[in-house]
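We have chain A already, so just place chain B on it with the hints.
Each chain, written out:
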Amino acid sequence: MSVVDSTVQGRALIELDQVSRTFKVPGGTITAVDGVSLAIGAGEAICIVGESGCGKTTTGRMLAGILRPTSGRLLYEGQDVWRKKGHDLSVFRRAVQLVHQDPYASLNPTRTVFQTLSAPIFRHKQARGVRDATNRVRHLLEVVGLTPPDDFLVKYPHQLSGGQRQRVAIARALTVDPRVIVADEAVSMVDVSIRISLLNLLLGLRTEMGVSIVLITHDLAVARYFGRDGRIGVMYLGRMVELARSETLVSDPAHPYSAALIAAIPEADPRITRSKDRVELRTAEVPSLLALPPGCTFHPRCPLAEVGLCDVKIPQLLSLPDETPREVACHVAIRERQPAAELLA
Amino acid sequence: MTPILSVRDLSIDYRTRRGPVHAVRDVSFDMEKGETVAIIGESGSGKTTLAISLIRLSPRSARITKGQILFTGDSGTVDIRTLPEDELRQFRWSECAMVFQAALNSFNPVINIWEQFGDTARAHGLKDSKAVHARAEELLDLVRLDPRRVLRSYPHELSGGTKQRVLIALSLLLKPQLIILDEPTTALDILTQRSIIDLLGQLKKTLGFSMIFISHDLSIAAELADRMITMYAGTVVERASVTDLFYRPRHPYSVGLLRAVPRVSGAMGAVASIPGSPPDLIRLPPGCTYVPRCPLAIAACSDREPDLVPVDTPHHDARCIRWKVVAEQVGTAEVAVAEKIATA
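First to last, the protein sequences are chains A and B.
In terms of the numbering used here, the first sequence opens at residue 6 and continues consecutively.
In terms of the numbering used here, the second sequence opens at residue 5 and continues consecutively.
If we strip away everything but chain A, and leave its shape as in the complex, we get (with noise of 0.2 angstroms):
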């Protein structure tokens, strides 16, 4: 089912192949995540986007390998990680590294950024003494767009704001030459006036250095802005519900799921956000995690649903015919062959 994007040249660099994730609860075993998969390639943009509860965390934390799923299998180079021992399984821990979102919480306040950013270098050999760890750390302070760097060697965690505690946290993860970041809503908590150059940042060790980002968010203008040349999955209660080209998904969104989320958006000008047409849903109600709907989870709210089909079956993400590759989970733009957006309009 998953398919590589047609700019990722040759197979992809890492894959999740139908993941599935359950928790047991109070209550129950809620399934986080439900037959997800993704390929992602080498210096590839990334964005999964979702509400509260869709799942896009721990498939992050599924692709980071820090949470081993239920079901499905978690690929690297083509081979399943969760099988790997040793030497291997170490070559991808520090191939893949995971920025958290609370840059407040993700640092040690009793550690300077020195101390940080030097200790994964002194724990996987990457240096020969403290001159050469400062030398690389001065540099990734660098790269991170924390200069001069010498000003911020010492500092303690309380001494950054939030944007220059969130770049430590990326120097961090680039210690190891990592070839995927998964960076969990690494921009919500700083604030708007500097998140754009958090973002150019990242898209930044892409261009230059390669390394595939896998952008976790809730924010819609961010994934736009982020993945403005990959993809955007859009997850609904643990679904993969489409995944499409960015400019494609937001523009002409295929699932009426994401379709009304493009439609909830409030624009940051008054002309356009006033006058923005609206797509109703049945309901405002969202299905508890421990009684999903049968079917379509998103039939009881969705204005397209079709008794005795949405409700029966579960949709398969499918390719929609179109100019553009993209795949969406819905029975009824898949049999109409033309997005929600336009079933809608």
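Mixed in with the good hints, there may be bad ones.
[What the hints assert, rightly or not] Straight-line Cα separation of at most 30 angstroms, DSBU-like style, residue types lysine-lysine; simulated pairs: (1) A:K29 to A:K89; (2) A:K90 to A:K29; (3) B:K208 to B:K134; (4) B:K344 to A:K281; (5) B:K37 to B:K70; (6) B:K208 to B:K37; (7) A:K281 to B:K208; (8) A:K29 to A:K318; (9) B:K209 to A:K281; (10) B:K131 to B:K70; (11) B:K134 to B:K344; (12) B:K70 to A:K281.
[Unchecked claim] Pair ranges (Cβ atoms, derived): (13) A:S193 to B:R21: 14 to 22 angstroms; (14) A:E213 to B:T20: 37 to 45 angstroms; (15) A:A110 to B:S163: 17 to 25 angstroms; (16) A:L323 to B:I286: 58 to 66 angstroms; (17) B:R287 to A:A296: 54 to 62 angstroms.
Hint data in this document are derived by calculation from the structure and do not stem from the laboratory.
Cβ coordinates follow ideal geometry from the N, Cα and C atoms, glycine included.
Frame of chain A, contents of chain B only:
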């Protein structure tokens, strides 16, 4: 007409070990009855300090050093700054209510929603429990919640969006004329955020209250505001109608904020962050506080802090000696600033 709220030269300091933090400096603005005013700015711009001081809920370390907060209700004009405690309690909720972020803990976690309504009512001398119950049901209906279910629930049983609706309903309990909302939709999901924005718009139309909301999110301001106030380093740097601020900004900081927000519809435009960070509010730079980050700054900008002066459109002020240069750059057509700069 007398404005419902008139803030005059308001200054607020926080006491810290390093010395006073000048969080709000000489802030003045008027708002008409029924108007919606959005206060925008980065964190540390003083917008929240300003808002909570309007109902004197500031923490102990904060001190109003100067100015007046004149509120004109049905019973005349009062200065909130000098209002005695007992009158202040009366003023809060019945004249002016505040809605905090639902993500923060605005509820008492150990009592159910009905008791939250009951507590608030009792604190304001409403003793008729039946009448309060009827009012709570009516308000929850108004914010599109099922009163029977919600009144029995405890805060932790409700979703973020539902909690925000309850907080809005609760704020309306004593029919205030002014509602202050601090980041009303931050931390909510997109579809929930949309429903809260629509709800606020409808409530304002049906009930006719005035609204001040504080947000770092310009898009919510674009949706709801009539007038805008941009704050930077504790002071007002621009005051304008919503259309003027978005299409004819005259302060480089407003321009910077507008350009910093990527959009989903229309052209992407030239999106860019504002370089640098806000100044230290203990040791403010001389002259205009935005100079270190401003692309248009000249030597004269550092001489003295500029005054808030009227610019080329009516009821529009900016604290910038270079506003004409800003005007030349952004033009006057109703095209978003980022797009204009991109195509220029």
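TODO: Hint by hint, work out which the structure violates, then give me just those numbers in ascending order.
DONE: 10, 11, 12, 13
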